[in-house]
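What follows is each chain in one-letter form.
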Amino acid sequence: MSGVPELLLLQQLNAEEMYGYELVKRIRGVTGETITLGEGVIYPVLHGLEQSGALKARRKKVAGRTRVYYSVTAKGRKRLGILQHEWQRIQSGINAALGAASRA
Amino acid sequence: MNGSAFNRESTPLLEQQAVPEPDFEALRSHLLDAGISPRFVRRTMTELRDHYDDIRHDIAQQGISEHETVRLATEQLGNLHVIAKHVKSRTELRRWSYRYPAIGRIALPLLCVAALPIAPFVAGANHAPALVRWGAILALSGLVTAGLFLAMQLSISLG
Chain A
2 MSGVPELLLL
12 QQLNAEEMYG
22 YELVKRIRGV
32 TGETITLGEG
42 VIYPVLHGLE
52 QSGALKARRK
62 KVAGRTRVYY
72 SVTAKGRKRL
82 GILQHEWQRI
92 QSGINAALGA
102 ASRA
Chain B
170 MNGSAFNRES
180 TPLLEQQAVP
190 EPDFEALRSH
200 LLDAGISPRF
210 VRRTMTELRD
220 HYDDIRHDIA
230 QQGISEHETV
240 RLATEQLGNL
250 HVIAKHVKSR
260 TELRRWSYRY
270 PAIGRIALPL
280 LCVAALPIAP
290 FVAGANHAPA
300 LVRWGAILAL
310 SGLVTAGLFL
320 AMQLSISLG
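Chains A and B are the protein sequences, given in the same order. Quick note on numbering: our numbering labels position 63 of the first sequence as 64, and the sequence is numbered without any gaps. Quick note on numbering: our numbering labels position 65 of the second sequence as 234, and the sequence is numbered without any gaps.
It is worth saying that the hints were derived from the structure and are not from the lab. Hints are all accurate, no fakes.
Here are the simulated DSSO-like pairs of lysine-lysine, each with C-alpha atoms no more than 27 Å apart in a straight line:
hint, chain 1, residue 1, chain 2, residue 2
1, A, K61, A, K26
2, A, K57, A, K26
3, A, K76, A, K57
4, A, K62, A, K26
5, A, K76, A, K61
6, A, K26, A, K76
7, B, K257, A, K76
8, A, K57, A, K79
9, B, K254, A, K57
10, B, K257, A, K26
11, A, K61, A, K79
12, B, K254, A, K26
13, A, K57, B, K257
14, A, K26, A, K79
Start from the sequences, fold in the hints, and give me the full structure.
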């Protein structure tokens, strides 16, 4: 389950580039607040993904403030595909287990 | 690292200032001491401060008191100890000398020692006459030293 923050971050950034706070708010919104990341904790995850080449960062001045915007690279899209596949595999496994338990 | 290492001391006489703001400076020092690359420490600090300001701004817009805003924003940003733990768990964010200690502590010093005799030739490539003088003086001093050793050896052997 350790890949969940990476999966959520890559999934959101694949649609459009965002900065940290914007990203946290977006994840909170799309998950209906069922998944709440420790807000400050996303930065090491973002920096790790950037260092591995899955994300690229650029500084952008918006409303007088310089923000660090993140976007997904080709390598990141590949990583996203792997994580999505892995997550679907886990999900179907858990659904099968829950189904078996309810039938028993 | 104790429990309050990342919280600023509160002012006891001013109850409204009793909620400590996150101590980003303590976090910065802690991460640098832990071997995190200064580049990522700077980035983390800038982004965390901006994030904290954004949270405060959003909360303040709801008409909440300053005291309560600080408390809620600090809580929402998350425990700095936990953030520090996550940063330190990412080996790719460390300085290279922390990532590859064997190279930092053994190979690099050996390389420096090996480069020492070559360094003057590299540095003096554009100053050939000076390099020739330096080489001649070095050779002469070597000869004088060798001569002194020979004289000492002879005096011991013959004396």
